[in-house]
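Q: The lines below spell out each chain.
Number of protein chains: 2
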Amino acid sequence: MKYDIIVIGGGPGGHEAALAAAQSGLKTAMVSDMALGGRATWGSLVPSKVWLEEAHKVLLTGHENFDLGRLRGKIKAQGQRIAQNMRIRLESAGVAIYEGKAELASAECLSVVLPTGTSIELETRFVVLATGSEPIFTPEMKPMPPRIIAPRLAGAMEALPSRLLMVGGGVTGVEYASAFAAMGVEVILLQRGPSLLPRIDAELVEAFERWLFATLRIKVVKNAATVSLKVEGETVVAHTASGQMYTGSHGFIAAGRRADTTFWKGEPHLLALTPEGAVKINDFCQTSIPGIYAVGDVTGAPMTVNHAQMQARVAVSHLLYGTEKALRRKPTVEAVYTPLPIGQLGDTTASDEAYFVVKPYEALLKAQIAEDITGMLKVKMDKQTGQILGASAFGSQAIEILGLIQIAMHANIPWEALRAYPLPHPTYSELLSQL
Amino acid sequence: MKYDIIVIGGGPGGHEAALAAAQSGLKTAMVSDMALGGRATWGSLVPSKVWLEEAHKVLLTGHENFDLGRLRGKIKAQGQRIAQNMRIRLESAGVAIYEGKAELASAECLSVVLPTGTSIELETRFVVLATGSEPIFTPEMKPMPPRIIAPRLAGAMEALPSRLLMVGGGVTGVEYASAFAAMGVEVILLQRGPSLLPRIDAELVEAFERWLFATLRIKVVKNAATVSLKVEGETVVAHTASGQMYTGSHGFIAAGRRADTTFWKGEPHLLALTPEGAVKINDFCQTSIPGIYAVGDVTGAPMTVNHAQMQARVAVSHLLYGTEKALRRKPTVEAVYTPLPIGQLGDTTASDEAYFVVKPYEALLKAQIAEDITGMLKVKMDKQTGQILGASAFGSQAIEILGLIQIAMHANIPWEALRAYPLPHPTYSELLSQL
Chain P
74 MKYDIIVIGG GPGGHEAALA AAQSGLKTAM VSDMALGGRA TWGSLVPSKV WLEEAHKVLL
134 TGHENFDLGR LRGKIKAQGQ RIAQNMRIRL ESAGVAIYEG KAELASAECL SVVLPTGTSI
194 ELETRFVVLA TGSEPIFTPE MKPMPPRIIA PRLAGAMEAL PSRLLMVGGG VTGVEYASAF
254 AAMGVEVILL QRGPSLLPRI DAELVEAFER WLFATLRIKV VKNAATVSLK VEGETVVAHT
314 ASGQMYTGSH GFIAAGRRAD TTFWKGEPHL LALTPEGAVK INDFCQTSIP GIYAVGDVTG
374 APMTVNHAQM QARVAVSHLL YGTEKALRRK PTVEAVYTPL PIGQLGDTTA SDEAYFVVKP
434 YEALLKAQIA EDITGMLKVK MDKQTGQILG ASAFGSQAIE ILGLIQIAMH ANIPWEALRA
494 YPLPHPTYSE LLSQL
Chain H
74 MKYDIIVIGG GPGGHEAALA AAQSGLKTAM VSDMALGGRA TWGSLVPSKV WLEEAHKVLL
134 TGHENFDLGR LRGKIKAQGQ RIAQNMRIRL ESAGVAIYEG KAELASAECL SVVLPTGTSI
194 ELETRFVVLA TGSEPIFTPE MKPMPPRIIA PRLAGAMEAL PSRLLMVGGG VTGVEYASAF
254 AAMGVEVILL QRGPSLLPRI DAELVEAFER WLFATLRIKV VKNAATVSLK VEGETVVAHT
314 ASGQMYTGSH GFIAAGRRAD TTFWKGEPHL LALTPEGAVK INDFCQTSIP GIYAVGDVTG
374 APMTVNHAQM QARVAVSHLL YGTEKALRRK PTVEAVYTPL PIGQLGDTTA SDEAYFVVKP
434 YEALLKAQIA EDITGMLKVK MDKQTGQILG ASAFGSQAIE ILGLIQIAMH ANIPWEALRA
494 YPLPHPTYSE LLSQL
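Chain order of the listed sequences is P and H.
Residue numbers for the first sequence, in the working numbering: 74 to 508.
Residue numbers for the second sequence, in the working numbering: 74 to 508.
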């Protein structure tokens with residue numbers, strides 16, 4: 074079979090790329106070695122968000138009757154719903170779906186190992202790699218359910234832990250820590266480096282960490298690089314590089330993810346990778362091999378669905394229209410969906426050419442009325458042009474506010490113009506429009 | 074004393090106008106005959122939002138211990154906080170504040186009747202009318218606390234009603250009806266016309282009304298024009314124009330508001346009014362009298378704070394920079410802050426030159442996970458240009474989503490461009506960016 078474009082991977086990035094291509098009239102195929110929806114749907118994003126939603130409910134209603142069976146059922150039902158919707162959309166758009174493991178040795182040579190073990194060859198003009206990422210485990214630190222778990226195994230626990238050792242202070246570690254803590258679990262979070270969420274503005278992360286302790290009683294141990302996590306009888310024991318030991322009833326591994334490049338069967342030097350092992354791409358999501366694009370987690374951080382979707386649209390527009398007319402990559406929001414969320418967008422590092430505006434939630438009518446004044450928004454602008462370069466936010470509706478700033482950034486609306494549009498009153502988004 | 078500009082009214086519109094003028098270097102005064110913050114702060118907007126917030130909490134937590142005293146204290150504390158903040162901001166910007174009743178007979182002749190009864194004359198180049206609106210009562214239908222109340226008297230009740238007759242199905246009536254119903258009160262809503270919220274898209278209002286009944290058990294009686302509301306012993310009785318009678322333990326009057334033009338002491342024909350009695354203005358908020366502008370509720374519907382703020386900025390930019398350079402009036406969001414909110418923005422009426430896109434919440438991952446799939450977004454676009462003309466939304470975060478569309482409309486971002494910016498995942502705002 075000969076296609077215009079073959080997308081490898083059935084997660085959100087692959088789905089977006091295949092759909093955009095097919096809707097533009099390209100003869101499109103998708104190869105996926107797992108259920109449609111990919112790891113985001115079946116192992117990471119969707120399960121974590123169902124856990125978080127359940128935890129928020131428990132936090133608000135205060136009731137202790139947490140039902141793990143119901144939660145597992147909900148996670149499965151959501152996965153099935155998403156996979157089914159993806160299949161309907163892809164098939165309606167005319168995308169051919171192959172179930173099997175794609176193997177690639179060059180742009181021209183793509184084979185699919187079917188579940189039966191036989192291989193078929195497919196021909197194509199373009200390839201989009203969307204194979205995603207997988208959690209990082211080591212022999213000394215790997216899941217051992219039911220005591221040592223990881224995102225995709227959270228539902229395999231038999232009951233809530235009494236005391237949980239969370240290994241990792243990135244987005245996944247912080248989100249699951251907040252979910253378990255909201256359900257009444259004592260949580261010790263072991264973070265390798267000197268701060269949580271290293272990709273987010275340090276001032277906001279500091280406020281966030283104070284809130285994590287004040288509200289959820291999460292104890293954060295910094296500069297604690299866990300080197301082993303083991304079950305010893307009824308206990309889970311973590312050892313750190315500096316010789317400290319921590320014990321809990323359960324352990325949770327959220328020590329990062331790495332790009333899945335197991336599809337590559339060609340010469341290693343042909344497909345350029347980043348130092349972290351992700352597929353290297355340019356501004357149009359082109360890899361080092363002409364005709365091969367890559368989108369989503371396989372291209373490295375930020376590993377978010379919206380970033381993957383953005384890349385998918387950029388890649389497809391580039392292969393259709395070329396560099397002149399293609400969409401450009403623009404910043405997307407990285408969000409942490411804790412009960413009070415925190416996130417960032419674009420470039421938020423200090424610089425002489427930029428200035429910052431800081432808006433505390435305290436000044437907002439909506440926050441005052443809701444008795445929900447913890448939080449702040451920090452926006453970075455170019456001193457010369459007034460254009461928004463990036464933003465960080467912590468507090469209620471912080472992610473929606475960042476979405477609003479994203480729209481302004483993508484449309485090149487300068488900060489002073491954005492501020493002049495009076496937003497609905499009283500809302501959290503008025504942080505932007507207050508005089 | 075001689076000023077560049079005198080603002081009459083100390084509510085949110087007057088505050089915004091005075092602040093913008095003073096910050097632009099104009100010698101500015103404000104005249105207010107009530108505490109700073111105006112009726113919005115002391116009688117309508119702020120009290121209603123505190124009631125709604127309390128009601129949402131009761132709805133979520135299910136606890137029955139509703140504390141009216143605490144609510145009254147919170148309303149008062151918010152009013153004081155807002156008034157104090159306004160005073161600090163205005164005084165820091167150099168605005169002179171006069172407490173008294175302004176009387177105006179021409180652009181050149183403005184006097185202030187002080188609380189002592191004496192009058193002083195003020196000279197000015199420009200006047201901004203921001204005198205707001207007041208509830209409409211009639212001799213047959215006026216507040217009689219504690220049994221018959223109105224927004225500013227809601228806190229005067231001695232206990233929650235057992236059965237409340239709500240007169241009026243506009244924003245205020247619907248919001249308070251939802252608040253009382255959420256607290257367990259049986260509510261009968263009497264609406265004059267054939268539908269609730271006549272300014273919002275009929276398809277969404279229909280879905281909204283079904284939800285009001287299914288979730289809050291609010292009974293809506295349409296085409297029921299209440300002509301009298303009276304206390305008879307322990308009962309409140311409403312009579313309608315068509316001869317129906319309804320009884321409850323309490324009544325609530327939310328039968329609309331009218332512009333407050335009591336400041337006008339000149340010839341009636343000099344200051345042009347609309348058929349509804351509001352001050353007539355053009356696109357730059359100029360009244361029929363040169364040098365006199367009007368902003369906010371005194372100019373008629375929509376009577377919202379954000380609309381008043383927009384008008385204040387337009388008026389001040391016009392008197393500073395003239396027609397060529399002034400800000401233009403743009404649509405703002407009209408919001409109803411029920412537990413599931415509903416609102417609208419811009420022009421949403423059907424037309425041959427326009428097309429609509431309808432997005433159900435059901436299709437959203439966030440809504441699915443939150444088990445919160447009731448709602449829809451409806452966006453109206455120009456067939457020729459693809460520009461967004463208006464939108465209506467009903468459901469969780471509907472008002473924030475409309476805020477986002479407002480930004481796009483103000484920046485002339487066409488719908489197809491707006492859709493191409495992948496928003497954070499999973500959020501409600503993704504209703505916009507889903508393929």
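Note that these hints are calculated values from the structure, not bench results.
A couple of the hints might just be wrong.
All copies of an identical chain are treated as equivalent in the list; a pair is satisfied when it fits inside any one copy or across any two copies.
Think about it this way: if two alpha-carbon atoms lie no more than 27 Å apart in a straight line, the pair counts; the simulated BS3-like pairs of lysine-lysine are [what the hints assert, rightly or not]: (1) Lys432 x Lys149; (2) Lys456 x Lys292; (3) Lys398 x Lys456; (4) Lys403 x Lys432; (5) Lys303 x Lys292; (6) Lys215 x Lys456.
Q: Can you name, in rising order, the numbers of the hints this structure does not satisfy?
A: 2, 6
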